[in-house]
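S.K.: From first to last, the protein sequence lines are chains P and V. Going by the working numbering, the letters in the first sequence line up with residues 1 to 154, in that order. Going by the working numbering, the letters in the second sequence line up with residues 155 to 433, in that order.
Think of the hints as simulated: they come from the structure by calculation, not from any bench. Any given hint could be a false lead.
[Said to hold, decoys possible] Below, in silico cross-link-like pairs of lysine-lysine (DSS-like), each with a Cα-Cα straight-line distance of 25 Å or less:
id, chain 1, residue 1, chain 2, residue 2
1, P, K6, P, K82
2, P, K41, V, K192
3, V, K400, V, K219
4, V, K400, P, K41
5, V, K192, P, K54
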Amino acid sequence: MKLCCKVNGEKVEREVDPAARLLDTLREELRLTGTKEGCGKGECGACTIFVNGKPVDSCLMLTIQAQGAEIVTIEGLARDGKLDAVQECFISEGGVQCGFCIPGMIMAARALLNEHPEPTLEQIQYGLGGNLCRCTGYAKIFQAVLKAAQLERV
Amino acid sequence: MITVFRPETPGELFELVKSQPAPHYFLAGGTDLLVQHKDGAIGPSTWFDLTAISELTGIRQEDGKIVLGATTTHDELVRSPLIQRYAPVLVQGAEVIGGPQIRNRGTVGGNLANGSPAADTAPPLYTLEAEVGLSNGQRTRWLPIADFFLHVRKTALEPGELITALRFPAREGIQGGFMRLGQRRSQAISKVSVAVSAVGRFDYLAIACGSVAPTVVRAPQAEAILREQGMAGLEEACRLIRDEVKPISDVRSTADYRRATTGVLLRRVLEQLDSGPRR
Ligand SMILES: Cc1cc2nc3c(=O)[nH]c(=O)nc-3n(C[C@H](O)[C@H](O)[C@H](O)COP(=O)(O)OP(=O)(O)OC[C@H]3O[C@@H](n4cnc5c(N)ncnc54)[C@H](O)[C@@H]3O)c2cc1C
Ligand code: FES
Ligand code: FES
Chain P
1 MKLCCKVNGE
11 KVEREVDPAA
21 RLLDTLREEL
31 RLTGTKEGCG
41 KGECGACTIF
51 VNGKPVDSCL
61 MLTIQAQGAE
71 IVTIEGLARD
81 GKLDAVQECF
91 ISEGGVQCGF
101 CIPGMIMAAR
111 ALLNEHPEPT
121 LEQIQYGLGG
131 NLCRCTGYAK
141 IFQAVLKAAQ
151 LERV
Chain V
155 MITVFRPETP
165 GELFELVKSQ
175 PAPHYFLAGG
185 TDLLVQHKDG
195 AIGPSTWFDL
205 TAISELTGIR
215 QEDGKIVLGA
225 TTTHDELVRS
235 PLIQRYAPVL
245 VQGAEVIGGP
255 QIRNRGTVGG
265 NLANGSPAAD
275 TAPPLYTLEA
285 EVGLSNGQRT
295 RWLPIADFFL
305 HVRKTALEPG
315 ELITALRFPA
325 REGIQGGFMR
335 LGQRRSQAIS
345 KVSVAVSAVG
355 RFDYLAIACG
365 SVAPTVVRAP
375 QAEAILREQG
385 MAGLEEACRL
395 IRDEVKPISD
405 VRSTADYRRA
415 TTGVLLRRVL
425 EQLDSGPRR
């Protein structure tokens, strides 16, 4: 099929396998390898992207379901070479260890802050409930999200 | 090999169902189907994506009833003013499902179609005395939800039949509560769940429990004592409900634990409900 959609603000028109997972189309066809596959079953959130502004697991979507959609991946968060505040704060607060979960974690955190610009710790935990991290123990990730919220308020 | 189609109207869908080779699967949010596929449980088949069919989505009020399309997502339920007002129990059921990513894709139709007694929208819908709308393209029918679920993983769905919508009466002043126990807060399957919907103390009352029998079950004895005595019947209701459920022991929990915690959850839900609106 011919997939017509928007990815990171750019129009995409391309022959793809409609039954491939959106995750595979992004990684293999569009070479956007920032989006990771952890479990492939909706458990870990490493494959989180935005579809029409909402965070979803790209391992649980077929490519055909992205027809006409607006997609944002981790590659699309930085603007004009400047990292998003969430990305900055994951670095400054030491929220990253091996890094594998981080693209998904940052997409979920971005979605959370779009909705709750001044989140409580509980809201952060609920908002990141679909993401697993095997390394950090989460404390510094939560701290990074709180910091990003502060940064964006000033 | 999976072949997938994305029809835009019910007519187009049922034409495809007629003309394409079986086995057939309907695909909504994919949060169950793609997991089964990943597990190797699904062989070569034809899939029909339902998410481009606008007739299957949306929440509206119609002739004293709330009608919601089968592909309404859990996130849409949580945010809907109509659901908040007329089905607070369903808001609480939907908001604990999975994590944000699952709630943004997973649908109420997909949740019910599996026939899982642990589906978290099912006990809330039992307490609303919801009906399930079904269609095979020729015939449309509405079944009370209790007649839709037959056994574990068994529903009244016939081959080629689609869940199109859910509907339930719009009851003014309804309150609701849903609580569940699982391994952890997010992304966990319920071990036990209790849903309650009530108007007054108690002009209307319905209690339903998930994961404690082959299907969701109502608790008629606990309901009767509460209708008769109001909140004064709480102790007795929590005692009675333990014997109204018929749980099994499995990988997620034991029968004894489930029986005991059903009573505990009923108490917590009713106490929360009695202390006023949650938000
Ligand atoms: C990590 C994770 C966590 C989860 N947590 C929970 C939880 O806490 N509580 C819970 O209840 N569930 C949970 N689930 C299960 C699942 O997300 C829900 O059951 C969801 O509602 C399924 O809907 P879907 O649209 O994604 O279904 P799909 O995967 O699209 O479909 C599921 C099944 O239903 C059929 N189907 C779909 N729509 C229809 C229709 N309209 N008519 C007829 N058949 C149809 C499909 O053919 C398929 O067999 C979880 C899943 C994952 C992966
Ligand atoms: S890879 Fe998609 S949720 Fe784990
Ligand atoms: S940093 Fe390694 S999994 Fe999160």
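S.K.: What are the numbers of the hints that this structure violates, sorted from low to high?
M.R.: The structure breaks hints 3 and 4; every other hint is satisfied.
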